[in-house]
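J.: If you want the building blocks of each chain, they are given just below.
Number of protein chains: 2
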Amino acid sequence: MGRWGPDTRGRLERAAMELYLQQGFEQTTVAEIAERAGLTERTFFRHYTDKREVLFRGAGRLQALVVNTVLAAPASAAPIEAVAAGLEAAGDVFQGDVERARLRQTVITANPELQARELSKLATLASGIAAALRQRGTPDLTADLTAEVGVVVFRVAFERWIGGAGPQDWTLLIGSLLGELRVVLGGAQA
Amino acid sequence: MGRWGPDTRGRLERAAMELYLQQGFEQTTVAEIAERAGLTERTFFRHYTDKREVLFRGAGRLQALVVNTVLAAPASAAPIEAVAAGLEAAGDVFQGDVERARLRQTVITANPELQARELSKLATLASGIAAALRQRGTPDLTADLTAEVGVVVFRVAFERWIGGAGPQDWTLLIGSLLGELRVVLGGAQA
Numbered sequence: 001m002g003r004w005g006p007d008t009r010g011r012l013e014r015a016a017m018e019l020y021l022q023q024g025f026e027q028t029t030v031a032e033i034a035e036r037a038g039l040t041e042r043t044f045f046r047h048y049t050d051k052r053e054v055l056f057r058g059a060g061r062l063q064a065l066v067v068n069t070v071l072a073a074p075a076s077a078a079p080i081e082a083v084a085a086g087l088e089a090a091g092d093v094f095q096g097d098v099e100r101a102r103l104r105q106t107v108i109t110a111n112p113e114l115q116a117r118e119l120s121k122l123a124t125l126a127s128g129i130a131a132a133l134r135q136r137g138t139p140d141l142t143a144d145l146t147a148e149v150g151v152v153v154f155r156v157a158f159e160r161w162i163g164g165a166g167p168q169d170w171t172l173l174i175g176s177l178l179g180e181l182r183v184v185l186g187g188a189q190a
Numbered sequence: 001m002g003r004w005g006p007d008t009r010g011r012l013e014r015a016a017m018e019l020y021l022q023q024g025f026e027q028t029t030v031a032e033i034a035e036r037a038g039l040t041e042r043t044f045f046r047h048y049t050d051k052r053e054v055l056f057r058g059a060g061r062l063q064a065l066v067v068n069t070v071l072a073a074p075a076s077a078a079p080i081e082a083v084a085a086g087l088e089a090a091g092d093v094f095q096g097d098v099e100r101a102r103l104r105q106t107v108i109t110a111n112p113e114l115q116a117r118e119l120s121k122l123a124t125l126a127s128g129i130a131a132a133l134r135q136r137g138t139p140d141l142t143a144d145l146t147a148e149v150g151v152v153v154f155r156v157a158f159e160r161w162i163g164g165a166g167p168q169d170w171t172l173l174i175g176s177l178l179g180e181l182r183v184v185l186g187g188a189q190a
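So the sequences go chain by chain: L and E. Counted the way the working numbering counts, the first sequence spans residues 1 to 190. Counted the way the working numbering counts, the second sequence spans residues 1 to 190.
Everything labelled a hint here was simulated from the structure, so no lab data went into it. Treat the hints with care, since some could be wrong.
[Stated by the list, open to error] Pairs of lysine-lysine, DSSO-like flavour, derived with a Cα cap of 30 angstroms: (1) E:Lys121 <-> E:Lys51; (2) L:Lys121 <-> L:Lys51; (3) E:Lys121 <-> L:Lys121; (4) L:Lys51 <-> E:Lys121; (5) L:Lys121 <-> E:Lys51.
Construct all of the structure, not just a fragment, from the sequences and the given hints.
T.: In structure tokens form, the structure reads like this:
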């Protein structure tokens with residue numbers, strides 16, 4: 001394919017992930033990533049701003065997909081239904097490659113700075129979902145709570161999905177966790 | 001009172017908060033905080049590890065209070081009831097001084113590093129609650145979901161409390177948000 005081939009990004013990403021896992025994220029330089037991929041640093045910087053972006057590039061796409069799906073849900077859909085549709089759509093970003101998702105998570109879990117970044121991305125996702133719900137006419141408090149709960153479901157679903165626990169069909173997994181949450185909250189009424 | 005008086009900590013904290021708000025957290029040095037409080041740097045370091053700890057010292061106390069209350073809830077309490085009791089207890093940490101809580105939040109919101117720290121503290125709180133629930137015999141998935149939802153309720157309640165929205169009685173606020181969450185999730189069944 002060469003350095004302009006469609007797989008340039010994939011080669012850089014695989015090289016980066018291998019190095020992050022072998023020697024740690026902090027210890028890895030862009031020069032090493034490019035070398036392992038058989039490409040130049042210049043090529044790396046054509047595709048990524050820095051070595052962190054290799055791990056977080058998908059987050060923007062995921063956010064856009066979720067937010068747009070929430071906005072596009074039928075007006076008759078309850079806020080939680082619109083959010084559920086958004087979360088289901090998110091599966092498209094990672095569902096094709098569970099191994100990659102697992103490796104990425106291993107790299108992030110090993111590094112506090114990356115963990116902080118991940119938490120911040122998830123907070124941004126919650127804000128984006130809440131804003132989309134408000135645009136649909138959902139009152140502030142309901143929008144905030146539904147968005148935050150949506151992100152909780154997303155996180156727990158993602159952990160279970162990469163851990164191989166529960167249903168491996170993403171849509172089923174989201175549905176089953178929402179059901180479980182209803183049971184959890186119902187307990188307080190007892 | 002003198003530098004050993006019970007209010008030394010309070011003076012340092014007020015001085016720090018004033019400076020963080022006036023000139024920004026990053027721009028403020030421990031020397032400036034001590035000077036404004038009319039105390040020495042040495043005294044500052046007897047009370048705090050660094051200038052960040054002035055803002056996060058309460059987090060450890062809050063975590064201990066929530067986790068211990070969850071553990072101490074009657075065996076017959078549902079997981080969400082045990083967590084609700086923990087969240088209610090948390091009010092003791094900040095309820096006496098809404099102004100301080102507001103100023104602290106303003107400082108944190110203005111600084112991405114502090115925001116990241118706050119998110120990480122909340123993630124630690126969720127893990128602590130989940131561990132306490134597991135110790136009570138709650139199955140893993142339920143423990144994780146209940147703990148995460150508990151932290152969502154805590155965050156939204158805290159925002160509303162410092163914003164002066166909704167009931168200002170912390171226990172009532174927690175109860176009303178849990179009720180609202182039940183309504184939110186019920187929507188998906190419609």
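J.: Look at each hint and say if it fits the structure.
T.: Here is what the structure says about each hint:
no. : hint                  : verdict
1   : E:Lys121 <-> E:Lys51  : 17 angstroms, holds
2   : L:Lys121 <-> L:Lys51  : 17 angstroms, holds
3   : E:Lys121 <-> L:Lys121 : 16 angstroms, holds
4   : L:Lys51 <-> E:Lys121  : 26 angstroms, holds
5   : L:Lys121 <-> E:Lys51  : 26 angstroms, holds
When held up to the earlier numbered hints, the structure conflicts with none and fits them all.
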